[in-house]
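**Q** For reference, the chains in residue letters:
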Amino acid sequence: MAKIGIPHSLFYYYHYPLWKTFFEILGVTVITSPPTNRLIINKGLNLAVDEACFPIKVYFGHVEELCKEDIDYIFLPRMVSIEKKGYICPKFMGLPNMIKAALPNLPPVIDITIDLSKTDKKLKSDVIKIGQLFTDDNKLIKRALVAATNEFYLCRSLTKQGYSMSEAIKVWAGEEVNFSKANDLTICLLGHGYSLYDEAISLNVINKLRNLGVRVVLPEYLERKKVEEYAATVPKRVFWTLGRKMVGSALYSEKNPEIDGIIYLACFGCGPDSLIGEIIERKVKEKPFMLLTIDEHTGEGGFMTRIEAFCDMLKRRREIIYEGNFSTYG
Amino acid sequence: MKVTFPHMGNTHIPIKALLHKLKLEVIPPPPVTKRTLELGIKYSPEYACMPLKINVGNFIEAIEKGANTVVMAGGWGPCRFGYYAQVERDILHDLGYKFDMVVLEAPDFKFSELFNQVRSLAKNVSLYEGLKAVNFAWHKLNAVEVLEKKLEYLLPRVINKREIEKIYDEGLITIDKCDSKIELKSIVNEYMNKMEGLSLNNAQILKIGLIGEIYTILEPSTNYDIIRHLGRLNVEITRSIYTSDWVNDHLLGSKIKKSNRKHILTAANPYLDYWVGGHGWETIGFAVDFAQRGFNGLIQIGPLTCMPEIVAHQILGRVSNEENIPTMTLYFDEHSGQAGISTRIEAFVDMLKRKNFACTNEYVEKGVVNCSIT
Numbered sequence: 001m002a003k004i005g006i007p008h009s010l011f012y013y014y015h016y017p018l019w020k021t022f023f024e025i026l027g028v029t030v031i032t033s034p035p036t037n038r039l040i041i042n043k044g045l046n047l048a049v050d051e052a053c054f055p056i057k058v059y060f061g062h063v064e065e066l067c068k069e070d071i072d073y074i075f076l077p078r079m080v081s082i083e084k085k086g087y088i089c090p091k092f093m094g095l096p097n098m099i100k101a102a103l104p105n106l107p108p109v110i111d112i113t114i115d116l117s118k119t120d121k122k123l124k125s126d127v128i129k130i131g132q133l134f135t136d137d138n139k140l141i142k143r144a145l146v147a148a149t150n151e152f153y154l155c156r157s158l159t160k161q162g163y164s165m166s167e168a169i170k171v172w173a174g175e176e177v178n179f180s181k182a183n184d185l186t187i188c189l190l191g192h193g194y195s196l197y198d199e200a201i202s203l204n205v206i207n208k209l210r211n212l213g214v215r216v217v218l219p220e221y222l223e224r225k226k227v228e229e230y231a232a233t234v235p236k237r238v239f240w241t242l243g244r245k246m247v248g249s250a251l252y253s254e255k256n257p258e259i260d261g262i263i264y265l266a267c268f269g270c271g272p273d274s275l276i277g278e279i280i281e282r283k284v285k286e287k288p289f290m291l292l293t294i295d296e297h298t299g300e301g302g303f304m305t306r307i308e309a310f311c312d313m314l315k316r317r318r319e320i321i322y323e324g325n326f327s328t329y330g
Numbered sequence: 331m332k333v334t335f336p337h338m339g340n341t342h343i344p345i346k347a348l349l350h351k352l353k354l355e356v357i358p359p360p361p362v363t364k365r366t367l368e369l370g371i372k373y374s375p376e377y378a379c380m381p382l383k384i385n386v387g388n389f390i391e392a393i394e395k396g397a398n399t400v401v402m403a404g405g406w407g408p409c410r411f412g413y414y415a416q417v418e419r420d421i422l423h424d425l426g427y428k429f430d431m432v433v434l435e436a437p438d439f440k441f442s443e444l445f446n447q448v449r450s451l452a453k454n455v456s457l458y459e460g461l462k463a464v465n466f467a468w469h470k471l472n473a474v475e476v477l478e479k480k481l482e483y484l485l486p487r488v489i490n491k492r493e494i495e496k497i498y499d500e501g502l503i504t505i506d507k508c509d510s511k512i513e514l515k516s517i518v519n520e521y522m523n524k525m526e527g528l529s530l531n532n533a534q535i536l537k538i539g540l541i542g543e544i545y546t547i548l549e550p551s552t553n554y555d556i557i558r559h560l561g562r563l564n565v566e567i568t569r570s571i572y573t574s575d576w577v578n579d580h581l582l583g584s585k586i587k588k589s590n591r592k593h594i595l596t597a598a599n600p601y602l603d604y605w606v607g608g609h610g611w612e613t614i615g616f617a618v619d620f621a622q623r624g625f626n627g628l629i630q631i632g633p634l635t636c637m638p639e640i641v642a643h644q645i646l647g648r649v650s651n652e653e654n655i656p657t658m659t660l661y662f663d664e665h666s667g668q669a670g671i672s673t674r675i676e677a678f679v680d681m682l683k684r685k686n687f688a689c690t691n692e693y694v695e696k697g698v699v700n701c702s703i704t
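Residue numbers (the working numbering), protein chains in the order written: chain E, 1 to 330; chain V, 331 to 704.
Take these hints with a grain of salt, some might be off.
Unchecked claim - Pairs of lysine-lysine residues, derived as BS3-like cross-links and limited to a Cα-Cα distance of at most 27 Å, are as follows:
#, chain 1, residue 1, chain 2, residue 2
1, V, Lys507, E, Lys85
2, E, Lys236, V, Lys428
3, V, Lys585, E, Lys236
4, E, Lys283, V, Lys372
5, E, Lys118, V, Lys592
6, V, Lys428, E, Lys283
7, V, Lys353, V, Lys507
8, V, Lys372, E, Lys285
9, E, Lys285, V, Lys428
10, E, Lys236, V, Lys372
11, E, Lys287, V, Lys372
12, V, Lys592, E, Lys122
13, E, Lys236, V, Lys453
14, E, Lys100, V, Lys592
Said to hold, decoys possible - Covered by chain V, per the in silico footprint, the following chain E stretches (three or more residues, Cβ under 8 Å):
#, stretch
15, 98 to 108
16, 277 to 289
In short, the hints are calculated from the structure, not lab data.
Keep in mind the model is a prediction, meaning the values are calculated, not measured.
Using N, Cα and C, we set each Cβ at its ideal position, and we do this for glycine too.
My request is simple: use the sequences and hints to build the entire structure.
**A** What follows is the structure in structure tokens.
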């Protein structure tokens with residue numbers, strides 16, 4: 001039985017159920033790298049150029065870790081675009097080439113180009129071509145694709161119960177996940193999924209907040225239609241898919257009375273974040289907003305202090321509701 | 331309507347000519363200085379790339395001089411540049427500056443939008459006059475570029491480097507002032523002759539390819555004038571980006587002159603086979619092309635956190651190994667120090683000289699190479 005390796009990083013947190021189901025129906029064993037740890041991070045730091053952003057560096061580490069396993073193929077999709085007229089980021093577009101340049105002795109690479117910016121017809125035929133590597137049965141491939149898409153939506157629907165994507169994947173795989181259901185405060189936590197849901201990259205910010213008695217609202221939890229509606233209010237359509245989701249979520253949260261404050265987790269050196277963070281900061285004026293920047297040097301103590309201070313501030317703000325309230329933007 | 335636009339190297343000369351011929355009152359921003367950058371840094375997002383910061387500085391200084399309309403280019407990603415205009419407008423409006431912004435970009439939905447944008451600028455001229463203005467600007471652009479290329483070729487070769495830089499600077503000012511196509515020709519000839527008339531040295535010339543992001547390559551204030559700096563070290567620079575090639579490829583559909591873009595992208599294919607926004611793909615393509623043409627080394631430059639150049643940077647190491655060409659990458663931001671940059675450039679050039687010019691007595695005596703290190 002063929003074995004395929006999928007790195008436990010980047011779009012793993014969005015698309016893992018899809019690819020796992022697809023490959024398993026075709027009779028392929030899926031092997032993932034372990035969740036991010038310090039060893040993987042260090043490997044990534046050695047391989048990637050200094051200027052790359054943190055999640056990309058971590059991805060390099062995951063790929064190297066996977067190469068140690070006994071795998072026949074490694075799955076490194078080129079994520080160009082996952083919707084019409086929207087892009088992810090230039091680094092994702094060149095990622096398979098970056099990996100190949102840094103790691104010359106890779107196992108055979110399956111690099112499918114996922115580009116829905118113009119049409120989705122090409123993608124389907126590409127996926128079928130991948131399937132043909134493992135089976136000649138075209139009907140089975142098509143059935144696998146349908147089943148995989150269903151599993152993907154099933155997993156994503158779990159986020160409506162308050163799970164983060166990484167927890168949703170665990171629940172989907174049959175594990176039990178418990179988290180504190182306290183809801184003293186409600187904070188909308190924004191950021192790119194691949195940094196937010198990776199516990200090592202985000203310094204486990206989701207559970208840190210939950211332990212402080214916060215109900216954490218994640219971008220997937222918010223109603224998609226509303227998010228799009230609010231995102232459309234900025235003068236120019238944001239052409240980064242994830243960036244647009246962030247702008248929409250932030251503006252929607254500002255108007256949503258349930259939500260007390262907004263935290264944006266950005267990665268240092270992230271191109272889209274540098275402008276999206278600025279736009280949100282300038283537009284969100286009615287709710288407290290905090291931008292946290294992380295990279296491989298982030299100290300957990302300083303991080304914790306800022307989160308605690310933000311929560312304390314939100315609590316105090318709630319108690320003093322009269323006209324002398326401090327403005328949220330100085 | 332008093333129109334201004336952002337600086338990018340010598341492009342202000344043709345842009346000014348174009349807007350002027352469209353019968354608009356043009357107020358170009360003052361040359362980029364330390365104050366420009368400081369203003370930009372103060373008001374721009376912390377880790378936005380450097381061109382945005384200089385743009386903001388340019389606009390503030392131009393508005394201070396009386397401009398009330400800002401013309402800016404746009405785009406639809408994935409490079410950050412496409413969203414520059416939006417962020418810049420928000421920043422300046424929040425600062426209380428009053429102005430209109432005209433963003434020229436390929437339209438998202440309707441082509442009529444672009445037409446309206448251009449029309450709103452060129453209200454007072456007929457279509458014929460408009461085309462004539464474009465033609466004149468194109469000629470000015472080419473005139474500027476002829477001088478630029480001549481300087482890149484001659485600066486390492488002449489003895490009196492200060493003199494040739496002086497002639498070049500004067501040439502640009504004269505081209506900027508010139509108002510007719512016929513005059514333009516004689517100006518170019520005059521300054522070419524002046525430059526060629528200088529006496530030459532007989533030093534060994536290194537050939538280095540300058541690749542990377544368009545703004546940092548074209549704007550000397552962002553790259554610490556790296557082209558002249560290298561020229562003074564007897565290095566002949568060939569750039570991967572010349573404005574006329576860019577205009578020809580992207581705005582005029584490669585109709586005006588022959589384009590080698592296809593060849594360049596094919597050269598990149600074994601290393602990078604996909605478009606990554608900005609000039610990342612071209613950077614790799616030119617790296618391979620320059621290596622195959624026998625250049626001695628490559629210097630990649632870009633603003634810090636530039637996404638396409640990071641992709642290219644990661645791949646450049648492999649190009650360097652397989653095509654056997656030394657490369658160096660320099661990122662620029664507001665903290666780059668002149669001395670540090672100089673040291674790195676000089677060390678790179680010394681290394682190339684030692685690698686390429688045999689350590690014969692002849693060269694040691696002339697001082698071209700220093701072989702004293704064991």
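**Q** Each hint needs a verdict: does it hold in this structure or not?
**A** Hint-by-hint comparison with the structure:
1. V:Lys507 x E:Lys85: violated (43 Å)
2. E:Lys236 x V:Lys428: Cα-Cα ~20 Å, so holds.
3. V:Lys585 x E:Lys236: At roughly 31 Å apart (the allowed maximum being 27 Å), Lys236 (chain E) and Lys585 (chain V) break the hint.
4. E:Lys283 x V:Lys372: holds (19 Å)
5. E:Lys118 x V:Lys592: holds (22 Å)
6. V:Lys428 x E:Lys283: Judged against 27 Å, a Cα distance of about 19 Å means the pair holds.
7. V:Lys353 x V:Lys507: Holds: Lys353 (chain V) and Lys507 (chain V) sit about 16 Å apart, inside 27 Å.
8. V:Lys372 x E:Lys285: The hint holds at about 21 Å.
9. E:Lys285 x V:Lys428: holds (22 Å)
10. E:Lys236 x V:Lys372: holds (25 Å)
11. E:Lys287 x V:Lys372: holds (25 Å)
12. V:Lys592 x E:Lys122: holds (23 Å)
13. E:Lys236 x V:Lys453: Given that 27 Å is the threshold and the Cα spacing comes to 25 Å, the pair holds.
14. E:Lys100 x V:Lys592: It holds: about 23 Å lies between the C-alpha atoms, which stays within 27 Å.
15. 98 to 108: holds (count 5)
16. 277 to 289: holds (count 4)
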